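Colleague: For the protein sequence lines, the chains are X and W, in the order given.
For the first sequence, the positions run 39 to 252 when the numbering used here is used.
For the second sequence, the positions run 39 to 252 when the numbering used here is used.
No lab work stands behind these hints, which were simulated from the structure alone.
Honestly, I wouldn't trust all of these hints.
Simulated restraints, written as ranges between beta carbons of each label pair [stated by the list, open to error]: (1) X/Q196 x W/A138: 22 to 28 Å; (2) W/A123 x X/P193: 37 to 43 Å; (3) X/S74 x W/A138: 36 to 42 Å; (4) W/P87 x X/Q196: 54 to 60 Å; (5) W/A242 x X/R225: 25 to 31 Å.
Residues on chain W that point at chain X, a partial pick, calculated with CB under 8 Å [claimed, not checked]: (6) A82; (7) D113; (8) A117; (9) L198; (10) I206; (11) A226; (12) L228; (13) L240.
From chain W, some residues computed to sit far from chain X (all C-beta separations above 12 Å) [unchecked claim]: (14) A51; (15) L111; (16) R116; (17) R126; (18) T135; (19) A182; (20) W217.
No experiment lies behind these values; they were computed from the predicted model shown.
All C-beta atoms, glycine included, are put in the ideal place defined by N, C-alpha and C.
2 protein chains.
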Amino acid sequence: MDTTQRTDQQRTADRRRRELLEAADRVVLRDGPQASMNAIAAEAGITKPILYRHFGDKGGLYAALAKRHTDALLDSLRAALDAPAERRERVESTLDTYLAAIEARPQVYRFLMHPAEGSSGSDQGFDVGKHSAPLLRRMGEELAQVIEDRLDLGPGSQQLARVWGHGIVGMMHAAGDWWLGERPCSRAELVRSLADLLWGRLAAAGDRVGGPGF
Amino acid sequence: MDTTQRTDQQRTADRRRRELLEAADRVVLRDGPQASMNAIAAEAGITKPILYRHFGDKGGLYAALAKRHTDALLDSLRAALDAPAERRERVESTLDTYLAAIEARPQVYRFLMHPAEGSSGSDQGFDVGKHSAPLLRRMGEELAQVIEDRLDLGPGSQQLARVWGHGIVGMMHAAGDWWLGERPCSRAELVRSLADLLWGRLAAAGDRVGGPGF
DNA sequence: CCAGCGATGTTACTAGCGGTAACGCGAGTG
DNA sequence: CACTCGCGTTACCGCTAGTAACATCGCTGG
Numbered sequence: 039m040d041t042t043q044r045t046d047q048q049r050t051a052d053r054r055r056r057e058l059l060e061a062a063d064r065v066v067l068r069d070g071p072q073a074s075m076n077a078i079a080a081e082a083g084i085t086k087p088i089l090y091r092h093f094g095d096k097g098g099l100y101a102a103l104a105k106r107h108t109d110a111l112l113d114s115l116r117a118a119l120d121a122p123a124e125r126r127e128r129v130e131s132t133l134d135t136y137l138a139a140i141e142a143r144p145q146v147y148r149f150l151m152h153p154a155e156g157s158s159g160s161d162q163g164f165d166v167g168k169h170s171a172p173l174l175r176r177m178g179e180e181l182a183q184v185i186e187d188r189l190d191l192g193p194g195s196q197q198l199a200r201v202w203g204h205g206i207v208g209m210m211h212a213a214g215d216w217w218l219g220e221r222p223c224s225r226a227e228l229v230r231s232l233a234d235l236l237w238g239r240l241a242a243a244g245d246r247v248g249g250p251g252f
Numbered sequence: 039m040d041t042t043q044r045t046d047q048q049r050t051a052d053r054r055r056r057e058l059l060e061a062a063d064r065v066v067l068r069d070g071p072q073a074s075m076n077a078i079a080a081e082a083g084i085t086k087p088i089l090y091r092h093f094g095d096k097g098g099l100y101a102a103l104a105k106r107h108t109d110a111l112l113d114s115l116r117a118a119l120d121a122p123a124e125r126r127e128r129v130e131s132t133l134d135t136y137l138a139a140i141e142a143r144p145q146v147y148r149f150l151m152h153p154a155e156g157s158s159g160s161d162q163g164f165d166v167g168k169h170s171a172p173l174l175r176r177m178g179e180e181l182a183q184v185i186e187d188r189l190d191l192g193p194g195s196q197q198l199a200r201v202w203g204h205g206i207v208g209m210m211h212a213a214g215d216w217w218l219g220e221r222p223c224s225r226a227e228l229v230r231s232l233a234d235l236l237w238g239r240l241a242a243a244g245d246r247v248g249g250p251g252f
């Protein structure tokens, strides 16, 4: 019947959608997370209502846009995480992959982490965490899965793995954010320091009791 | 001359300022981080221009407001961090203090973490990290200081301490954010799991090679 | 051949935001 | 009495997200 028709329409619609997303990408890359719908529409050579017809509202566009980058980054991370190597090497490689990504395109990274938390002010309850980057959540969950699959953690392993997944991702994120702003050392050094932290050097370090002047 | 007069004026101005901040506090507690200047002015029983005369712009008000809470939270954390106890106990106590704080007042916590990154769109360069919570930065720096003062980390200790400070704070933050949203376990369990992570259980865990079905 | 319909696109608008200019007003001072 | 000065207001600007209403093209059916 009209299935061929509909698929045709859908195909062109999808192409438009992809074009719009690419335009939005360019604008975000240029203007950062506060890119306006007007600017995106202008970049795409059209006007606002079309954007709204395609994506519903700003949150929809941002979600679609974020999904692409998030998926791409997660693919890279999975590759590093699943490599056939020693655990420490895998961890360092994963950290380095993430840091290299945020170093290469900080604007995109900023957008992913702070996707214009607007949404709708209706639900102002205890929804802490809805915003603040679905990317972090997804990375945390994926890492948790890998940890649980690969490591033998004894009883309560699932819960422990999830805590660790989110915790490690947060560590990586915060350290990366700070490092990107101050650049106090090379990427390799940062990776090494973080891996050292995860490897328990904090607990193993000796107390400093006889410090000079103290 | 007019010194006494000016101090008098300054005193009343400071009182007004405090009143306004308390009103803003109430609104933020009710509406979350997207509290509008109009709403805050209305809560204080005045109108917008007065707010602007006192705080310059929205960023100024938010900064003043954030400073109060940040200082308060940092004081609690310092107390837990500097307690005369075993290192593990201190770490757990600090984690618990932080988590208890965000659990008690999630709206305030959200405000501190995402202080309406607007500012002015002028400087759209590579300023990643300017936003995204000065609170996290301050906590990271303070923790770094404590780590460096208390622990003997050998050469490169300062840099290592800073990486760890920011990394641990990020771990705590992300895990807390996730936990607050899903409540998958008790606070005490979360604290224990995070401390275990910092104590190197990740590195010490055995590989899971003979899993059932795999 | 032409009526109609649906998708694509436009202009023009609303509501609300941050921020500001211009004015009103009461208190103290020469 | 006039004059200034700080507190407070109303009324506005420019911007944003989001929408309603209108125009237009291409395609299908009688």
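Colleague: With reference to the structure, classify each hint as holding or not holding.
Modeller: Each hint tested on the structure:
1. X/Q196 x W/A138: 22 to 28 Å: Distance hint for X/Q196, W/A138 holds at roughly 25 Å.
2. W/A123 x X/P193: 37 to 43 Å: violated (28 Å)
3. X/S74 x W/A138: 36 to 42 Å: holds (40 Å)
4. W/P87 x X/Q196: 54 to 60 Å: holds (55 Å)
5. W/A242 x X/R225: 25 to 31 Å: Roughly 27 Å apart at Cβ, these two residues keep to the hinted range, so it holds.
6. A82: At about 20 Å, which exceeds the 8 Å cut-off, the nearest Cβ of chain X leaves the hint on W/A82 violated.
7. D113: This interface hint is violated because 21 Å lies over the 8 Å limit.
8. A117: violated (20 Å)
9. L198: holds (5 Å)
10. I206: holds (7 Å)
11. A226: It is violated, given that the least Cβ distance between W/A226 and chain X is near 12 Å, above 8 Å.
12. L228: holds (6 Å)
13. L240: holds (5 Å)
14. A51: Answer for W/A51: holds, closest chain X Cβ roughly 32 Å.
15. L111: holds (16 Å)
16. R116: Since the minimum Cβ distance to chain X is about 18 Å, W/R116 lies beyond 12 Å and the statement holds.
17. R126: violated (7 Å)
18. T135: holds (17 Å)
19. A182: violated (10 Å)
20. W217: Non-interface label on W/W217 violated, nearest chain X Cβ at 8 Å vs cutoff 12 Å.
Violated hints, listed in ascending order, are 2, 6, 7, 8, 11, 17, 19, 20; each of the other numbered hints is respected by the structure.
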